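Colleague: As they're listed, the protein sequences go chains A and B. Read in order, the letters of the first sequence are residues 1 to 163 in the numbering used here. Read in order, the letters of the second sequence are residues 1 to 106 in the numbering used here.
Hints listed in this document are in silico derivations from the structure and should not be mistaken for laboratory results. The structure presented is a predicted model; accordingly, all values stated were derived computationally and were not measured. Honestly, I wouldn't trust all of these hints.
Partner residues aside, some chain B positions facing chain A, computed with beta carbon under 8 Å [stated by the list, open to error]:
| # | residue |
| --- | --- |
| 1 | Leu16 |
| 2 | Ala75 |
| 3 | Glu83 |
| 4 | Gly84 |
| 5 | Met87 |
| 6 | Asp91 |
| 7 | Ala101 |
From the derived model, a few chain A residues whose C-beta atoms are all more than 12 Å from chain B [what the hints assert, rightly or not]:
| # | residue |
| --- | --- |
| 8 | Asp54 |
| 9 | Ala77 |
| 10 | Ser89 |
Where is the CB? At the ideal position from N, CA and C, for every residue including glycine.
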Amino acid sequence: MNRSLVILFGALALGAAIFAGSYFTARQTTMVCCTKPADSLSWLRTEFHLSDADMARVRELHEGYLPKCGEICTKIAAKKSELAAALGSGTNITAEAQVKMNELAALRAQCQAQMLQHFIAVSQAMPPAQGQRYLAEMKRLTLGTNEEMEQSMSGETDHEHHH
Amino acid sequence: MKENQQLPGDPQVSALLREARVSPPSLPPRFQQNVWRRIEDAEAPAKSESWLDALANLILRPRFALAAAAVMLLAGVSAGTMEGRQMARNDAQMNYLASVAPQFVR
Numbered sequence: 001m002n003r004s005l006v007i008l009f010g011a012l013a014l015g016a017a018i019f020a021g022s023y024f025t026a027r028q029t030t031m032v033c034c035t036k037p038a039d040s041l042s043w044l045r046t047e048f049h050l051s052d053a054d055m056a057r058v059r060e061l062h063e064g065y066l067p068k069c070g071e072i073c074t075k076i077a078a079k080k081s082e083l084a085a086a087l088g089s090g091t092n093i094t095a096e097a098q099v100k101m102n103e104l105a106a107l108r109a110q111c112q113a114q115m116l117q118h119f120i121a122v123s124q125a126m127p128p129a130q131g132q133r134y135l136a137e138m139k140r141l142t143l144g145t146n147e148e149m150e151q152s153m154s155g156e157t158d159h160e161h162h163h
Numbered sequence: 001m002k003e004n005q006q007l008p009g010d011p012q013v014s015a016l017l018r019e020a021r022v023s024p025p026s027l028p029p030r031f032q033q034n035v036w037r038r039i040e041d042a043e044a045p046a047k048s049e050s051w052l053d054a055l056a057n058l059i060l061r062p063r064f065a066l067a068a069a070a071v072m073l074l075a076g077v078s079a080g081t082m083e084g085r086q087m088a089r090n091d092a093q094m095n096y097l098a099s100v101a102p103q104f105v106r
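Could you build all of it, start to finish, from the sequences and the hints given here?
Modeller: As structure tokens, this is what we get:
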């Protein structure tokens, strides 16, 4: 093989190895340094540049919200068990199962409304610009997740429902 | 002493001198022709090398190799740091979201 080609490929391989080695080392080091798993609110402080006073208000709201969220989640879990029992191993959706599904949907809607109410309260505890950004981000993360699936199932794509 | 001294015109001395004369070294075959060829080669313009050879020669220069290695190292560290920050940020965001939003709304 041509000597110059060997040198060129050797240099390329060495360069790629140096880049990859430094890339993965730096990425891992940064992740270890920047991750603070102990506090779930640390993201709010860094992302929205909150002061200690802002964080104290947000933390108070957060700690007040968690028991309410836990309570409704317990109700949802219980309702899901009821629905599973009502569906049983049958192949038809019974009237009882339909009622349980409606109740489950209502609980989920209640949970979602409570969550959005909490996001609004937290956004108001922040400086106005950061609060708006926080609320928009939370809506995107919690309400936008099903949009892709819904759009794919709607008439905007080639998929059609045949009724 | 006088008996041992010999005159410059002494035939015995002349014979010895002739014998002692070093014969010229034998030259390799086509010596002169080769000398001229090497002189012509040295005076001729340098043979042009291909771009690949030029690049290989450049890579082998220590200063270029060190500079290229430093650039690759810096690029790797910069890209890795940015990616690591983004991943840590995403992890923290998901950690917060998991604490406030049930699984079915995420």
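Colleague: Are the hints correct? Go through all of them and say.
Modeller: Going down the list of hints, with the structure as the test:
Nearest Cβ of chain A to the Cβ of leucine 16 of chain B: about 60 Å, over the 8 Å cut. The hint is violated. Interface hint at alanine 75 of chain B: satisfied, since its Cβ lies 6 Å from the closest Cβ of chain A, which is below the 8 Å cut-off. A least Cβ separation of about 5 Å between glutamate 83 of chain B and chain A falls short of the 8 Å threshold, and the interface hint therefore holds. Because the smallest distance between the Cβ of glycine 84 of chain B and any Cβ of chain A comes to about 3 Å, under 8 Å, the interface hint for this residue holds.
Contact between methionine 87 of chain B and chain A, as hinted, is supported at the beta carbon level, the nearest pair being about 5 Å apart and thus within 8 Å. A least Cβ separation of about 6 Å between aspartate 91 of chain B and chain A falls short of the 8 Å threshold, and the interface hint therefore holds. With a cut of 8 Å, the hint placing alanine 101 of chain B at the interface with chain A holds, because the nearest CB-to-CB distance is about 5 Å. Non-interface call for aspartate 54 of chain A relative to chain B: holds, since the shortest CB-CB distance, roughly 15 Å, exceeds 12 Å.
A cut-off of 12 Å between C-beta atoms contradicts the statement that alanine 77 of chain A is not in contact with chain B; the least separation is 10 Å. The claim that serine 89 of chain A is not at the interface with chain B holds, since no C-beta of that chain comes within 12 Å of its own (minimum 24 Å).
The structure fails hints 1 and 9 (numbered hints given earlier, in ascending order).
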